[in-house]
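S.K.: Protein chains in written order, with our numbering: chain A, 3 to 300; chain B, 3 to 300; chain C, 3 to 300; chain D, 3 to 300.
Among the hints, erroneous ones may be present.
In silico lysine to any residue, SDA-like type, Cα no more than 20 Å apart, as pairs [to be verified]: (1) D:Lys-269 <-> C:Asp-55; (2) C:Lys-269 <-> B:Val-257; (3) A:Lys-269 <-> B:Ser-127; (4) B:Lys-113 <-> A:Ala-126; (5) C:Lys-174 <-> C:Glu-199; (6) A:Lys-269 <-> C:Asp-55.
Over the 12 Å line for every Cβ pair with chain D, so calculated as not near, a few chain B residues [stated by the list, open to error]: (7) Arg-68; (8) Arg-82; (9) Ser-89; (10) Asp-131; (11) Arg-149; (12) His-151; (13) Val-158; (14) Ala-219.
Honestly, the hints are just simulated from the structure, not real lab data.
Ideal placement from N, C-alpha and C gives every residue a C-beta, glycine not left out.
Protein chains: 4
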Amino acid sequence: MTAGGENASVPELPEHRYVITFGCPDRTGIIARISSFLAEAGGLIVEAAYHSDLDSGWFFTRQEVRADSLPFDVEELRARFAGVARSLGAESDWRIDDTAERRRVVLLVSKEGHCLYDLLGRVASGELDVDVRAVIGNHEVLGDITRAHGIPFHHVPFPREDKAEAFGQVRKLVDEHDPHAVVLARFMQILPPELCEAWAGRAVNIHHSFLPSFVGARPYHQAHTRGVKLVGATCHYVTADLDAGPIIEQDVMRVDHADSVADMVRKGRDVEKVTLARGLRWHLESRVLVHGNRTVVF
Amino acid sequence: MTAGGENASVPELPEHRYVITFGCPDRTGIIARISSFLAEAGGLIVEAAYHSDLDSGWFFTRQEVRADSLPFDVEELRARFAGVARSLGAESDWRIDDTAERRRVVLLVSKEGHCLYDLLGRVASGELDVDVRAVIGNHEVLGDITRAHGIPFHHVPFPREDKAEAFGQVRKLVDEHDPHAVVLARFMQILPPELCEAWAGRAVNIHHSFLPSFVGARPYHQAHTRGVKLVGATCHYVTADLDAGPIIEQDVMRVDHADSVADMVRKGRDVEKVTLARGLRWHLESRVLVHGNRTVVF
Amino acid sequence: MTAGGENASVPELPEHRYVITFGCPDRTGIIARISSFLAEAGGLIVEAAYHSDLDSGWFFTRQEVRADSLPFDVEELRARFAGVARSLGAESDWRIDDTAERRRVVLLVSKEGHCLYDLLGRVASGELDVDVRAVIGNHEVLGDITRAHGIPFHHVPFPREDKAEAFGQVRKLVDEHDPHAVVLARFMQILPPELCEAWAGRAVNIHHSFLPSFVGARPYHQAHTRGVKLVGATCHYVTADLDAGPIIEQDVMRVDHADSVADMVRKGRDVEKVTLARGLRWHLESRVLVHGNRTVVF
Amino acid sequence: MTAGGENASVPELPEHRYVITFGCPDRTGIIARISSFLAEAGGLIVEAAYHSDLDSGWFFTRQEVRADSLPFDVEELRARFAGVARSLGAESDWRIDDTAERRRVVLLVSKEGHCLYDLLGRVASGELDVDVRAVIGNHEVLGDITRAHGIPFHHVPFPREDKAEAFGQVRKLVDEHDPHAVVLARFMQILPPELCEAWAGRAVNIHHSFLPSFVGARPYHQAHTRGVKLVGATCHYVTADLDAGPIIEQDVMRVDHADSVADMVRKGRDVEKVTLARGLRWHLESRVLVHGNRTVVF
Chain A
3 MTAGGENASV
13 PELPEHRYVI
23 TFGCPDRTGI
33 IARISSFLAE
43 AGGLIVEAAY
53 HSDLDSGWFF
63 TRQEVRADSL
73 PFDVEELRAR
83 FAGVARSLGA
93 ESDWRIDDTA
103 ERRRVVLLVS
113 KEGHCLYDLL
123 GRVASGELDV
133 DVRAVIGNHE
143 VLGDITRAHG
153 IPFHHVPFPR
163 EDKAEAFGQV
173 RKLVDEHDPH
183 AVVLARFMQI
193 LPPELCEAWA
203 GRAVNIHHSF
213 LPSFVGARPY
223 HQAHTRGVKL
233 VGATCHYVTA
243 DLDAGPIIEQ
253 DVMRVDHADS
263 VADMVRKGRD
273 VEKVTLARGL
283 RWHLESRVLV
293 HGNRTVVF
Chain B
3 MTAGGENASV
13 PELPEHRYVI
23 TFGCPDRTGI
33 IARISSFLAE
43 AGGLIVEAAY
53 HSDLDSGWFF
63 TRQEVRADSL
73 PFDVEELRAR
83 FAGVARSLGA
93 ESDWRIDDTA
103 ERRRVVLLVS
113 KEGHCLYDLL
123 GRVASGELDV
133 DVRAVIGNHE
143 VLGDITRAHG
153 IPFHHVPFPR
163 EDKAEAFGQV
173 RKLVDEHDPH
183 AVVLARFMQI
193 LPPELCEAWA
203 GRAVNIHHSF
213 LPSFVGARPY
223 HQAHTRGVKL
233 VGATCHYVTA
243 DLDAGPIIEQ
253 DVMRVDHADS
263 VADMVRKGRD
273 VEKVTLARGL
283 RWHLESRVLV
293 HGNRTVVF
Chain C
3 MTAGGENASV
13 PELPEHRYVI
23 TFGCPDRTGI
33 IARISSFLAE
43 AGGLIVEAAY
53 HSDLDSGWFF
63 TRQEVRADSL
73 PFDVEELRAR
83 FAGVARSLGA
93 ESDWRIDDTA
103 ERRRVVLLVS
113 KEGHCLYDLL
123 GRVASGELDV
133 DVRAVIGNHE
143 VLGDITRAHG
153 IPFHHVPFPR
163 EDKAEAFGQV
173 RKLVDEHDPH
183 AVVLARFMQI
193 LPPELCEAWA
203 GRAVNIHHSF
213 LPSFVGARPY
223 HQAHTRGVKL
233 VGATCHYVTA
243 DLDAGPIIEQ
253 DVMRVDHADS
263 VADMVRKGRD
273 VEKVTLARGL
283 RWHLESRVLV
293 HGNRTVVF
Chain D
3 MTAGGENASV
13 PELPEHRYVI
23 TFGCPDRTGI
33 IARISSFLAE
43 AGGLIVEAAY
53 HSDLDSGWFF
63 TRQEVRADSL
73 PFDVEELRAR
83 FAGVARSLGA
93 ESDWRIDDTA
103 ERRRVVLLVS
113 KEGHCLYDLL
123 GRVASGELDV
133 DVRAVIGNHE
143 VLGDITRAHG
153 IPFHHVPFPR
163 EDKAEAFGQV
173 RKLVDEHDPH
183 AVVLARFMQI
193 LPPELCEAWA
203 GRAVNIHHSF
213 LPSFVGARPY
223 HQAHTRGVKL
233 VGATCHYVTA
243 DLDAGPIIEQ
253 DVMRVDHADS
263 VADMVRKGRD
273 VEKVTLARGL
283 RWHLESRVLV
293 HGNRTVVF
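Excised from the complex, chain A in its bound form (with noise of 0.2 Å):
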């Protein structure tokens, strides 16, 4: 209760930025390269991060830029750019995104609809200015939340005996929409490596525990027997290799003795909607660099 109104007030279109992140062996020079091609067009750097890794000898950066201090469009600061980076022997690991694409996201669901409701409620409330194309359930229990919200929703059941089958019905459904992002929030199928492939870098996982710990089924089941006093959750990506993808974020929440498995679940799914909601952003504006099975998060 407050007299106040600093959130109430209607946010403002945000700045057109083009955002360049890139990757390559370490060595003298690199920042002052990509800062002076920058500079020379006029470009204004609004975000700047770096990183050397010292173990594996790698460098990392991401700038965002103004695209209004820049006097070309985003195809020619890519051609440009391509010159820059071939220079530093990055011929591939670069990429430049435009904030005025806005990104396209669809979301795999189950029955539980804690990460569902979360995401629909930041998307509706102009938090996450996201386009969700649309929810797939392999269940039909989250359609009429999704639909409340203008969203489609596809119900593709997944028999025990023939999941190819509905996998490649999701992966139609999915890649119309070429998204940003694929995220399984909370989708309890496990994705099949050729999916994990088609979608490498772009399927987005939470997982109800703090990884390494209790991989794969029932982990606060796993939890409670072992006896933690903290339970957590892991947004990883997705890889062929079951909960094992780079980590992009965790967090964790305190339980106790008296803590029961249902108490645990619910006390976890606070921590995987939010986990899961800030690794989304992040992954959406491209924070996340990816190098062997680690990130670096700018």
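Starting from the known structure of chain A, arrange chains B, C and D on it as the hints suggest.
M.R.: Just chains B, C and D now, kept in the frame of chain A:
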């Protein structure tokens, strides 16, 4: 993504229980008196908590008893327990709640929707098993999502020059439901003293700072100016003294120099909604005992 | 910098108390039986905690009674309480500790000193009121600081080819003090099964990971390779099963891509020492009840 | 207990580096200018951080350069960089520190020893590689532990009626070491304005509350009375305005109704000492840039 399904199962009906909360000046034999009374009636205590406050010399307890373990109903339990309480010198500082009586809740909101979305999601998914009777907003903007959940929404405009009538209208809309909790879910109006009194011990507010820091308006602006390294939220009972009522729950989240006020507002939302949900659950489960301006949370 | 002095005052002598810990199969009337026994003797309960574990059907309690409120001494209390315990079917699963008996502790260390420095500082400042009888190290390096605190230090070298004799020597040095706790304060040797058994329920270890993640050697290296976003520490009872004993306490700390293994080691130290100190305090205050491989921490 | 030994190894000598910190009004080309200057000299940037503060329009950077990658020494680097700074309109708001110059520290204490014990332990174990020149106490009680670490201890009594002379003595004892940091490690005297000025940007205090809550004396008593659910600590630069200087670091710890003031004091100590150690490390590593009353911590 998991092959299992600990969360997906249909929850069992919660056990029918009676919840005794009790406070009196501390002395020898209180636990013995209460537990003997229950044991003699065959009452199975499922959860018991005690606290002796050495500063104030006050004793507090909360006990959950399985309803089917007692040979009489809740009215008879109350009548009999009144004798126990009297013998311990606690005429009125006790209560027995029946979990079979579903908790009624009315929500007050303004424009900011994150707490409302969050609570509605918890109710819809069955995590928070309460009866949201109505949502009242001084703006219309959250009406659609409320109605999508099948809950009545009342728009009560608050003209700057005369809020008394608006509050009168709100009071009528709230009181007809005799709710167990009136939740100020980022309601941006200051309750007048008579409403604070009428709803004493039932009006639950979420303040968007780690109180007592940043009382009043625009706490994130205050926090940004002061340069704090953590922002927080406080769930508390509303009293006539602004943002100074008994605290039920608090939590914080890390921020740094790179966070603008808008970033702090956004990050803070996750703390606010989770802190409010936790505090509200405890309140509705009769876990919060107020003594002076402090709370015991069992 | 403060004008006041709440911390600077000389602490009062702690009150003389008896601490009862007790476990038995759950049923109606246990609390009544125990609390009536105490009330009849005039015992003033200063702190009481109960837990009914619905999964295992086990009941746990811990109670602190003011010694001067009882008309007999601790031996008589034990003799009388034995009858209560027998009547509840708990022949042996209970204990009564006397806070007047100062807790004796022996510490085992290697080269890493942060946990030792921390514990010695707590003892020296009076925060941890225990009697550190001896520190035993398989290296000499921590001898000086130990002796500076007026505590005997024993150097027991552990030759790679024959550790049995060294462990025999350690055992002798430990057992002559009959300590309430044998603390493995970053002791880098694996206890042989016979010592695990001899010190069962008294050997407290700090493991430098959030177990069950990263069991065994070099957990920070493992954590770095996996790319986790939090590192942790686990205080647990030592059993013959490596790093798998009942967990007393855990905590975590945030790390990110910029943290090398050395940074994680450094940051992790603060979690280790605080987690160990917390777990050790609870153990010495008889707050930790073990049931199977889980703990109840009151 | 672990078979391995990642922590036990002898640390390598830290690399010799120059640390540039710099601030100026934001504009296009600053990063390019600085990084080109370094690249042209062959400087290998090991760590680089940038921040554009959109509110104040100020630009901040911190860069670590390997000393052996440059063909000249630190004096020459400073001379050359002065030209760069001048060309960017930052005559004086920059500094170049040489990690080869060991950091000198003087500690001020009263009776409470937890922060002192903690810092001495970090120094003794090599974790905090600084030169503690002296410890000055307004009580004698912490003299023995200080001398046991081989560090001079000066007892300067503070008579209630005349503190000016005592402060004069402290100043002399401090200033002869020209320390990089004067640490108020729970020093219970308020620095007079002239010392705040003399040591501006070097006097680091730990306040035992989550500021701006509970300014001044006896913050844990204040916190207990208010009934907060978390207690905290704040590491900040000392200014003439009591407990209101720029905040370097803060942290919190959960408390509940069962915690007396003494419990809060005890639990708070762990937060205080860890928060102070973190803030002090950042200060000594030139990671903290002050702008107005806020800090940028790289």
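S.K.: Decide, hint by hint, whether the structure agrees.
M.R.: Evaluation of the provided hints:
1. D:Lys-269 <-> C:Asp-55: Violated - the C-alpha atoms of C:Asp-55 and D:Lys-269 are around 28 Å apart, more than 20 Å.
2. C:Lys-269 <-> B:Val-257: With a Cα-Cα distance of about 19 Å, the restraint between C:Lys-269 and B:Val-257 holds, given a limit of 20 Å.
3. A:Lys-269 <-> B:Ser-127: Holds: A:Lys-269 and B:Ser-127 sit about 14 Å apart, inside 20 Å.
4. B:Lys-113 <-> A:Ala-126: Holds, because 12 Å separates the two Cα atoms, which is no more than 20 Å.
5. C:Lys-174 <-> C:Glu-199: Holds - the C-alpha atoms of C:Glu-199 and C:Lys-174 are around 15 Å apart, at most 20 Å.
6. A:Lys-269 <-> C:Asp-55: 18 Å, holds
7. Arg-68: B:Arg-68 clear of chain D: closest Cβ-Cβ about 26 Å, beyond 12 Å.
8. Arg-82: 28 Å, holds
9. Ser-89: 26 Å, holds
10. Asp-131: About 25 Å separates B:Asp-131 from the closest Cβ of chain D, which puts it past 12 Å; holds.
11. Arg-149: Fine: 35 Å to the nearest Cβ keeps B:Arg-149 off the interface.
12. His-151: 30 Å, holds
13. Val-158: 32 Å, holds
14. Ala-219: The assertion about B:Ala-219 holds, with a minimum of 16 Å to chain D.
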